[in-house]
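Those protein sequences? They're chains P and A, same order as listed.
For the first sequence, the numbering used here gives the first residue as 1, with consecutive numbering after it.
For the second sequence, the numbering used here gives the first residue as 359, with consecutive numbering after it.
For the record, the hints were derived by calculation from the structure and aren't laboratory data.
Nothing false has been slipped in among the hints.
Taking beta-carbon pairs under 8 Å as the criterion, some of the chain A residues facing chain P (in silico): (1) 359; (2) 360; (3) 361; (4) 362; (5) 390; (6) 393; (7) 407; (8) 412; (9) 416; (10) 420; (11) 424.
Ranges of calculated distance between the beta carbons of each label pair, as one might list FRET restraints: (12) A:383 <-> P:304: 37 to 43 Å; (13) A:383 <-> P:293: 32 to 38 Å; (14) P:156 <-> A:369: 20 to 26 Å; (15) P:269 <-> A:369: 36 to 42 Å; (16) A:423 <-> P:157: 43 to 49 Å; (17) P:24 <-> A:425: 22 to 28 Å; (18) A:423 <-> P:185: 25 to 31 Å; (19) P:127 <-> A:383: 22 to 28 Å; (20) A:368 <-> P:11: 28 to 34 Å; (21) A:383 <-> P:129: 31 to 37 Å; (22) A:383 <-> P:279: 39 to 45 Å.
Yeah, the Cβ is synthetic: ideal placement off N, Cα and C, and Gly gets one too.
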Amino acid sequence: MKYVDEYRNKEIAQKILRQVKSLSKKKINLMEVCGTHTVNIFRNGIKKMLPTNINLISGPGCPVCVTPIRYIDEIIALSRESDFIITTFGDMIKVPGSTSTLEKEKANGSDIRIVYSTLDALEVARNNPSKKIVFMGVGFETTSPTIASAVLKAQKDEINNFTVLSVAKIISPAMKTLLDGKEVNIDGFICPGHVSAIIGSKPYNFITTQYKVPCVICGFEPLDILQSIYMLVKQIEDGRAEVEIQYERVVKPEGNKIALDKIKEVFKVVNSDWRGIGNIPLSGLEIKDKYGKFSARKFEVEIEETKESRGCRCGEVLRGVITPHECPLFRGVCTPENPQGACMVSTEGTCAAYYKYN
Amino acid sequence: MCLAIPGKVKKIFDNHTAEIEIGGIVKNASLDLIDHVKEGDYVLLHAGFAIEVIDQKEALEIFRAWEGIID
Ligand code: SF4
Numbered sequence: 001m002k003y004v005d006e007y008r009n010k011e012i013a014q015k016i017l018r019q020v021k022s023l024s025k026k027k028i029n030l031m032e033v034c035g036t037h038t039v040n041i042f043r044n045g046i047k048k049m050l051p052t053n054i055n056l057i058s059g060p061g062c063p064v065c066v067t068p069i070r071y072i073d074e075i076i077a078l079s080r081e082s083d084f085i086i087t088t089f090g091d092m093i094k095v096p097g098s099t100s101t102l103e104k105e106k107a108n109g110s111d112i113r114i115v116y117s118t119l120d121a122l123e124v125a126r127n128n129p130s131k132k133i134v135f136m137g138v139g140f141e142t143t144s145p146t147i148a149s150a151v152l153k154a155q156k157d158e159i160n161n162f163t164v165l166s167v168a169k170i171i172s173p174a175m176k177t178l179l180d181g182k183e184v185n186i187d188g189f190i191c192p193g194h195v196s197a198i199i200g201s202k203p204y205n206f207i208t209t210q211y212k213v214p215c216v217i218c219g220f221e222p223l224d225i226l227q228s229i230y231m232l233v234k235q236i237e238d239g240r241a242e243v244e245i246q247y248e249r250v251v252k253p254e255g256n257k258i259a260l261d262k263i264k265e266v267f268k269v270v271n272s273d274w275r276g277i278g279n280i281p282l283s284g285l286e287i288k289d290k291y292g293k294f295s296a297r298k299f300e301v302e303i304e305e306t307k308e309s310r311g312c313r314c315g316e317v318l319r320g321v322i323t324p325h326e327c328p329l330f331r332g333v334c335t336p337e338n339p340q341g342a343c344m345v346s347t348e349g350t351c352a353a354y355y356k357y358n
Numbered sequence: 359m360c361l362a363i364p365g366k367v368k369k370i371f372d373n374h375t376a377e378i379e380i381g382g383i384v385k386n387a388s389l390d391l392i393d394h395v396k397e398g399d400y401v402l403l404h405a406g407f408a409i410e411v412i413d414q415k416e417a418l419e420i421f422r423a424w425e426g427i428i429d
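Next up, chain P with everything else stripped away, as it sits in the complex (with noise of 0.2 Å):
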């Protein structure tokens, strides 16, 4: 087992969907709320697989494509100051902010390094003890753990040129902000597998039992994707809300214990903007006070006026309102190589999904 080429049997796959089509005849809306997901379900073909009364919708589950224009701006104003080195993964590097980027700034002399894992980010630090970095924590629960640990890590070696910037999110709130939304009528989520391996399945609980949403927490490859679909078609043919786990050889209805204890030291709930969504209550992560000296908000800089790309529908996209085909900038103006919002910059966001794959 190698817990990857097994799960793209091709028989196994005709199975699953063959019992999904005699399942069911109704009108499915499922939504993935992972870009991990959206971007797995068009590279393997799944959408065009499925019986066409089983739609599957793109949710705001891609942390580059939420990440509000202002932190951005903010990251960029910091990138201007002498003394400042910016580490962040890849994906942030090209996301538009108000008039600018990360990679044109570092065209112009800024010192910004693309780091792989956030110890790489405290290596930098350790190498320049002269200098204040600060890490783009950018991120859901995945994520968050691996910022905490790079926080206390610094603590407990004092690397204390070390900071980050926070804008971790938490998903569950923004799947409750859609469904108050109503603009989407949602039958089914499928919920984030790597997500859930840290978070477990309780967080979900309330969009069964309030909402009476059926939940499946979904592994990544093709079986088991469909294997989740049929999971949550037999829901809802059965009349079931519940939270079920799928990808059970990962996720555990408790999630990771030592990962949870690590972000519940290191930083507390907060409100949190999100592009296209607007302020969600208690979805986001913030460095505590007594990490302080580690968060990059003590450092007082002025942001540019914030700008919002003309024409870019990327907050209805995030919201499942519309598919990228409805933008009218889509393929002809925005394009992964110039691209007006943060879902054409993402590899994992809807838009460049739809761009590379459809």
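Dock chain A with the ligand against chain P, hints included.
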């Protein structure tokens, strides 16, 4: 961004890190977020951290569930 890839734990070091093999390439990763791991296990690797150990028994469930079905 929540991408995590399965890899095999080759060697565990004292400082809570490990060598992990993914498709023939060996990478170093932190074991800070898990405690119940041994050499030979498969883990999910995300941004330089092992975030969970893959449960071998559960991993076979899907095949047990569908292989027997004749339709
Ligand atoms: S296609 Fe481009 S401009 Fe249109 S919504 Fe997507 S990212 Fe925005």
